[in-house]
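Enquirer: Residue numbers (my numbering), protein chains in the order written: chain A, 1 to 362; chain B, 363 to 724; chain C, 725 to 1086; chain D, 1087 to 1448.
Source of the hints: derived by calculation from the structure; they are not laboratory data.
Where is the CB? At the ideal position from N, CA and C, for every residue including glycine.
A portion of the hints provided could be inaccurate.
Claimed, not checked - The calculated lysine-lysine pairs, modelled on BS3-like cross-linking and capped at a C-alpha distance of 27 Å, are:
1. A:257 x B:460
2. C:981 x D:1184
3. B:558 x A:257
4. D:1145 x C:920
5. B:619 x A:257
6. B:619 x B:421
7. A:196 x B:619
8. A:321 x B:619
9. A:87 x C:811
10. B:619 x B:460
11. B:558 x A:59
12. D:1282 x C:981
13. C:811 x C:822
14. B:449 x D:1145
15. A:257 x A:196
16. C:1045 x D:1184
17. C:981 x C:783
18. D:1184 x D:1145
19. D:1343 x C:783
20. D:1343 x D:1184
21. A:257 x B:449
Unchecked claim - Reference excerpt, derived from the structure (chain C facing chain A, CB under 7 Å, subset only):
22. 736
23. 739
24. 740
25. 755
26. 758
27. 795
28. 800
29. 805
30. 836
31. 839
32. 897
33. 1082
34. 1083
35. 1084
36. 1086
Said to hold, decoys possible - Every beta carbon over 10 Å from chain B, so not counted as near; a handful from chain D, in silico:
37. 1138
38. 1167
39. 1249
There are 4 protein chains.
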Amino acid sequence: MPNSFGKLFTISTWGESHGGGVGVVLDGCPPGLPLTEEEIQVELDRRRPGQSDIVTPRKESDTVHILSGLYEGRTTGTPISMLVHNKDQHPEAYSEMKTVFRPSHADYTYQTKFGHRNPEGGGRSSARETIGRVAAGAVAKKILAEAGQVETIAYVKRIQDIEMPDDAEVTNALIESNAVRCPHAETAEAMIERIKDVRGQGDSVGGVIECVIRNLPVGLGEPVFDRFEADLAKAMLSLPATKGFEVGSGFAGTTMKGSEHNDPFENRDGEVRTQTNRSGGVQGGITNGEDVRFRVAFKPTATLLQAQATVDVDGNETELKARGRHDPCVLPRAVPIVEAMANLVTVDHWMRQHAQNRLFAF
Amino acid sequence: MPNSFGKLFTISTWGESHGGGVGVVLDGCPPGLPLTEEEIQVELDRRRPGQSDIVTPRKESDTVHILSGLYEGRTTGTPISMLVHNKDQHPEAYSEMKTVFRPSHADYTYQTKFGHRNPEGGGRSSARETIGRVAAGAVAKKILAEAGQVETIAYVKRIQDIEMPDDAEVTNALIESNAVRCPHAETAEAMIERIKDVRGQGDSVGGVIECVIRNLPVGLGEPVFDRFEADLAKAMLSLPATKGFEVGSGFAGTTMKGSEHNDPFENRDGEVRTQTNRSGGVQGGITNGEDVRFRVAFKPTATLLQAQATVDVDGNETELKARGRHDPCVLPRAVPIVEAMANLVTVDHWMRQHAQNRLFAF
Amino acid sequence: MPNSFGKLFTISTWGESHGGGVGVVLDGCPPGLPLTEEEIQVELDRRRPGQSDIVTPRKESDTVHILSGLYEGRTTGTPISMLVHNKDQHPEAYSEMKTVFRPSHADYTYQTKFGHRNPEGGGRSSARETIGRVAAGAVAKKILAEAGQVETIAYVKRIQDIEMPDDAEVTNALIESNAVRCPHAETAEAMIERIKDVRGQGDSVGGVIECVIRNLPVGLGEPVFDRFEADLAKAMLSLPATKGFEVGSGFAGTTMKGSEHNDPFENRDGEVRTQTNRSGGVQGGITNGEDVRFRVAFKPTATLLQAQATVDVDGNETELKARGRHDPCVLPRAVPIVEAMANLVTVDHWMRQHAQNRLFAF
Amino acid sequence: MPNSFGKLFTISTWGESHGGGVGVVLDGCPPGLPLTEEEIQVELDRRRPGQSDIVTPRKESDTVHILSGLYEGRTTGTPISMLVHNKDQHPEAYSEMKTVFRPSHADYTYQTKFGHRNPEGGGRSSARETIGRVAAGAVAKKILAEAGQVETIAYVKRIQDIEMPDDAEVTNALIESNAVRCPHAETAEAMIERIKDVRGQGDSVGGVIECVIRNLPVGLGEPVFDRFEADLAKAMLSLPATKGFEVGSGFAGTTMKGSEHNDPFENRDGEVRTQTNRSGGVQGGITNGEDVRFRVAFKPTATLLQAQATVDVDGNETELKARGRHDPCVLPRAVPIVEAMANLVTVDHWMRQHAQNRLFAF
């Protein structure tokens, strides 16, 4: 099932940029959870186009419809099918994409893999696919909030070389207080400036999103293949435009010596805790009760309002210059998507842990 | 199945550091492949302890036994069960580990997750678990070599701050010509010096392994969740001591502008190729025919011959100082493990691609 | 994923009897297949209510909408999402079902399992769930027809004690020539008479559907757990109202001696064939090139227009008498559902066989 | 993973009749369960050859070795690898099987599917494969006994036309009191007589095994595809020599009217119970607290000490007459295998139910 994710709390997304719509089927959701379309919509509104002046001005309201799995305002434990209709389609804007492969896009690989593809708006490779992830992630978020005060919070840490300080305060209010979703106001301002600047050049930029999951119980994650951080890594690298993932000390930690890197344990108010958190909240693949902290690298947007060298479907060398409305930087809109994927991974592992290790008391 | 990996070409590893042995069941292997225990052993010998003077001097011959799935020297398409007996066990060397949690190890998280754990030699969290991966990876390697001249080659790119030049020649012979498995002789020498140095301090170091997969067909990988690089990321983060993964331009690429980062297409001798390879061989989650190139961050070994602050199973704060024989740097022995995981991912996706997209010609 | 079926050719159904609709996401479909909504609709029309005077007179047009996965009339290899809106809902007809458990229905088990359920129209346990299976099965049917002239044909073999002769001719035209879908006209007439008779009593009947899959290649099915007949058995027992499955000689074959039961091989025009087919087309879990032949037992419909003893959600003993429009016999409408499930199993195993055993020629 | 079974409590079996041995990896077992090799051995001894004078006289001790997953006599939650060495091999007894296809065996289908097969002793299609199932089933049995007094009990209900009375007492002691494992002494005697009789003719017989699972909680099983009875059906049809499965009223129930077949609910001592159990303990795919009762059809053994018409690998028509020691009737030894598979299904669904529906109390 190439279009499904999760072992017990599973999402199956479907839909292309142009066509009947995009959607998701969420299977395995615990029953009895109060849920409304409005709660889903809040998260979708954080990822939709046109929400600020530094993202694509496309007008997509992305209104979610829950088609199944709820009764009298609560989940029933049966599949939750959610649908967002497509709108604002201008197929003519994509006529060139039928015959010319956009550089660093999926046109060429799709064409070769499948032989027959939907070129309009990138088809299945469109970022609209992430709508289903965000919708399902909103359900996961609610489960985590009700079940254990778990809070997942992502933000733009760096745009190109503009990086916020490590010790800046991070709250949802601060993150949502500006268009770029960086909680440090001063840095945010510089980032926004930079984004507007490159947009003016018909160019684009990338950067790094950091995410922290707070208040996790000890014990989530499996020892070998399905390590908590391994599943997070897969979740993040499954997002469009991502090129890297690191947890805790990450790549920078490789320059330290073991004596500098290890996290000593201490007894803090009767709990086993680490004095530092270079492990990033996971040890041996399993959460240790500290904050899980990871970062995701996003490349600069591939679509440029500049001429680029490429070839067409017949192999002729040519040039392509995008028209239309595009994001000069995907990171502000990717923040809720990163949170959604992290929440999906967390609920899935919570259920797995419960099934095997909290079922019988021998 | 927390101890299985792969959708169609699937491995299930089992076993602890101390006990009857470690092993793997490889399910889904195509039939008819010529295979010998010797071919498996070659790869196991690359990861075994005691192979050089910069790795742990433990004497483990790690001799593999193929128990099933072969007949008259060829695979039969049924499960291939491979077993390596445990030897050279000194349970007394681990007596402290029963009661004291080693910092930045899995002792505490295992204890809390499962309630009951095997503390000897780290139990299931021992690096011996990777024997099964390497054994199965050797089968994958042979399939890829026979089927399409695919070659997967990993090497130590950096130890702490000692990094080999990007343009150094990379061949298997160069990599295997020194103990640290860095193909650049001069850099290798400095790395070895550094490792011996920190070992003398009872300390440890980490670094970065780079891996390249050559001669892949276009079309491997699924568009959404099971992207080729997403499955590689999961595979790599599932290895002990890893903290990060990046493909192509990775984290460094996030500082570039789109116009600098995109890979222009060209027609090279009738084939669609990219002029540069910042994509790292994958576009939209699917291989594009260029080299797949990725890097994995390994933290410094957690086991130190120095006193470290920690707590015991009753919550008392205490100190722990490892005894015995340990790797001051895991990277040289991790090189064949990275290759093994990459080969497992590649064969799995090759089979998936074949099943869906090369089955019927409509 | 409790609501998914299939390993490579996978369906995920969703939806309740009352609510936004019912649907299915089909993942893993090969690309390039010509497909229209009309082809899906043909099969849905065979299962819809109101199609004859011996099934429920409910008026449900069950019009299918393909929301994704097609481009210019061909599949793209991405998920095919299909939706059928719900109509003709009379929630008041189900008001009693909120509080009273219908005998031999799923009301009590759902209530206990999930704690919170949708009682309207049986919610997820409604036979409307099978719409998604039939829609996806229509795609599988087309693949099989185009790829290898495989033909799956089911029919009503027996209603209560009224059974058609074993040697009667079986064609699609004969099956569709009467309301009960029994290819033997004389038997069909008696069956229809019986069904009308019990309906007049407010009662119901069951029977046996037989299904044969013709022109299968040798080699489909896995040797151990995922035997072709084991996956058929699961597929059939996953249908509402089924109580049994048998393949080939089935239960009757258990009274024979081995010398009577074995199927001798012969060389027929250069092919290895069996002289008889008590194996039912599978040997060791794998198709042997003969017709796969199996039978499915359907119990009499549980919903009766008669008073029945039961209890309510508070544990009070009470009586329940269904109102409204119900099928006195589910078998005529179950025929296309049995075919759909058989086709889904077949395509799935075809892809699995191709992936492992037809990928590389060593 | 064609050689794995179960979603959360998963077994992967491996091994052929001739070779290093047969075994199983059990993944997902809850930690802390006291377990010994002796407990496993008890069940293996019930299925081993040579245990009575009506089964094959082959001498196979089938001694189990637990290689991993235990520490100090308790499960650790990591994979339990169990191995039984092969012994008593007479490859020469199988020399003909290399070139001649045994009727109603898997020789021809394996050869065609895989191209390369192990013909010795039937290779992977040997009944020795079920050793791994029984070993893992013994763990499941222990979990169920400790967790909820669940008891799974199977017995030979019928051999050819010799059937025990429906109302006979059924206890483990009665079942184990005779060689054929039928709890009704008089019937057992007639069955044994019949088996000896056909063996004298070089022939074989089949029959029906019935199984009942007592004391199950309400709520196991998933509503749609993974119905409790659907997973049982798959489990049973995955056993060698099975041709049919029925639950509750089964095929016989199809002759009843709905008013005769439905199970009225009643309030029995404060619990919702059914007055009859034609549902067989499952309603809507979910256990309802009554005994789960099902029957499995086993065909007569295919191996006969009589000449049979067949063809060889080159397509020449020829005759084959088995030599050596064979079971004239597989049912007595299949009883513990049926129990094992039922217990595996039950534990798996128990864990699934716990994960989704007993995790959070909203």
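Enquirer: Evaluate each hint against the coordinates.
Expert: Verification of the hints:
Restraint check: the Cα-Cα separation between residue 257 of chain A and residue 460 of chain B comes to about 26 Å, which is no more than 27 Å; the hinted pair holds. Distance check on the hinted pair: residue 981 of chain C and residue 1184 of chain D sit about 26 Å apart at the alpha-carbon level, within 27 Å; holds. About 13 Å separates the Cα atoms of residue 558 of chain B and residue 257 of chain A, which keeps this hinted pair within 27 Å; it holds. The straight-line distance between the Cα atoms of residue 1145 of chain D and residue 920 of chain C is roughly 61 Å, outside the 27 Å bound, and the hint therefore fails.
About 34 Å separates the Cα atoms of residue 619 of chain B and residue 257 of chain A, which puts this hinted pair outside 27 Å; it is violated. The suggested pairing of residue 619 of chain B with residue 421 of chain B is violated, with an alpha-carbon distance near 51 Å, which exceeds 27 Å. At roughly 13 Å between alpha-carbon atoms, residue 196 of chain A and residue 619 of chain B fall within 27 Å of each other, so this suggested pair holds. Under the criterion of a C-alpha separation no larger than 27 Å, the hint pairing residue 321 of chain A with residue 619 of chain B is consistent with the structure, at around 16 Å.
Note on residue 87 of chain A and residue 811 of chain C: the hinted pairing holds, with a Cα-Cα distance of about 25 Å set against a maximum of 27 Å. Note on residue 619 of chain B and residue 460 of chain B: the hinted pairing is violated, with a Cα-Cα distance of about 53 Å set against a maximum of 27 Å. In summary, the hint linking residue 558 of chain B to residue 59 of chain A is not supported, as the alpha carbons are separated by about 61 Å, beyond the 27 Å threshold. For the proposed pair residue 1282 of chain D and residue 981 of chain C, the alpha carbon gap of about 13 Å is at most 27 Å, so the pair holds.
A threshold of 27 Å between alpha carbons decides the hint, and for residue 811 of chain C with residue 822 of chain C the separation of about 20 Å falls inside it, so the pair holds. A threshold of 27 Å between alpha carbons decides the hint, and for residue 449 of chain B with residue 1145 of chain D the separation of about 32 Å lies outside it, so the pair is violated. Of the supplied pair hints, the one linking residue 257 of chain A and residue 196 of chain A is violated, its CA atoms being roughly 41 Å apart against a limit of 27 Å. Pair hint residue 1045 of chain C plus residue 1184 of chain D does not hold up; C-alpha atoms about 64 Å apart against a cutoff of 27 Å.
A threshold of 27 Å between alpha carbons decides the hint, and for residue 981 of chain C with residue 783 of chain C the separation of about 51 Å lies outside it, so the pair is violated. At most 27 Å may separate the alpha-carbon atoms for a hinted pair to count; residue 1184 of chain D and residue 1145 of chain D meet this at roughly 23 Å. Between the alpha carbons of residue 1343 of chain D and residue 783 of chain C the distance comes to roughly 26 Å, so the proposed pair stays at or under 27 Å and holds. Straight-line distance between C-alpha atoms of residue 1343 of chain D and residue 1184 of chain D comes to about 53 Å, which puts the hinted pair past the 27 Å bound.
Between residue 257 of chain A and residue 449 of chain B, the direct Cα distance comes to roughly 30 Å. Violation of the 27 Å bound is thereby established for this hinted pair. The beta carbon of residue 736 of chain C is positioned within 7 Å of a beta carbon in chain A (closest approach about 5 Å), and the interface hint is therefore held. Nearest Cβ of chain A to the Cβ of residue 739 of chain C: about 5 Å, under the 7 Å cut. The hint holds. Contact between residue 740 of chain C and chain A, as hinted, is supported at the beta carbon level, the nearest pair being about 6 Å apart and thus within 7 Å.
The restraint placing residue 755 of chain C at the interface with chain A holds, with a minimum CB-CB distance near 4 Å, inside the 7 Å limit. Hint status for residue 758 of chain C: violated, given a least beta-carbon distance of 10 Å to chain A, over 7 Å. Given hint, residue 795 of chain C at the interface with chain A, holds; its Cβ is 4 Å from that chain's nearest Cβ, closer than 7 Å. Hint status for residue 800 of chain C: holds, given a least beta-carbon distance of 5 Å to chain A, under 7 Å.
For the restraint placing residue 805 of chain C at the interface with chain A, the shortest Cβ-Cβ distance is roughly 4 Å, inside the 7 Å limit, so the hint holds. At about 11 Å, the closest approach between the beta carbon of residue 836 of chain C and any beta carbon in chain A exceeds 7 Å, and the interface hint on this residue is violated. Annotation: residue 839 of chain C was flagged as interfacial toward chain A, and the flag holds, the nearest CB pair being 6 Å apart, inside 7 Å. Because the smallest distance between the Cβ of residue 897 of chain C and any Cβ of chain A comes to about 34 Å, over 7 Å, the interface hint for this residue is violated.
Restraint check, residue 1082 of chain C versus chain A: the minimum CB separation of about 19 Å is more than 7 Å; hint violated. At about 16 Å, the closest approach between the beta carbon of residue 1083 of chain C and any beta carbon in chain A exceeds 7 Å, and the interface hint on this residue is violated. At its closest, the beta carbon of residue 1084 of chain C sits 19 Å from a beta carbon of chain A; the interface hint therefore is violated under the 7 Å criterion. This hint is violated: residue 1086 of chain C has a C-beta 25 Å from the nearest C-beta of chain A, more than the 7 Å allowed.
Listed as a non-interface residue, residue 1138 of chain D keeps its Cβ farther than 10 Å from every Cβ of chain B; the least gap is roughly 29 Å. Distance to chain B contradicts residue 1167 of chain D as a non-interface residue, since its nearest Cβ pair spans about 4 Å, not more than 10 Å. In this structure residue 1249 of chain D is separated from chain B by more than 10 Å, as the shortest Cβ-Cβ distance comes to about 37 Å.
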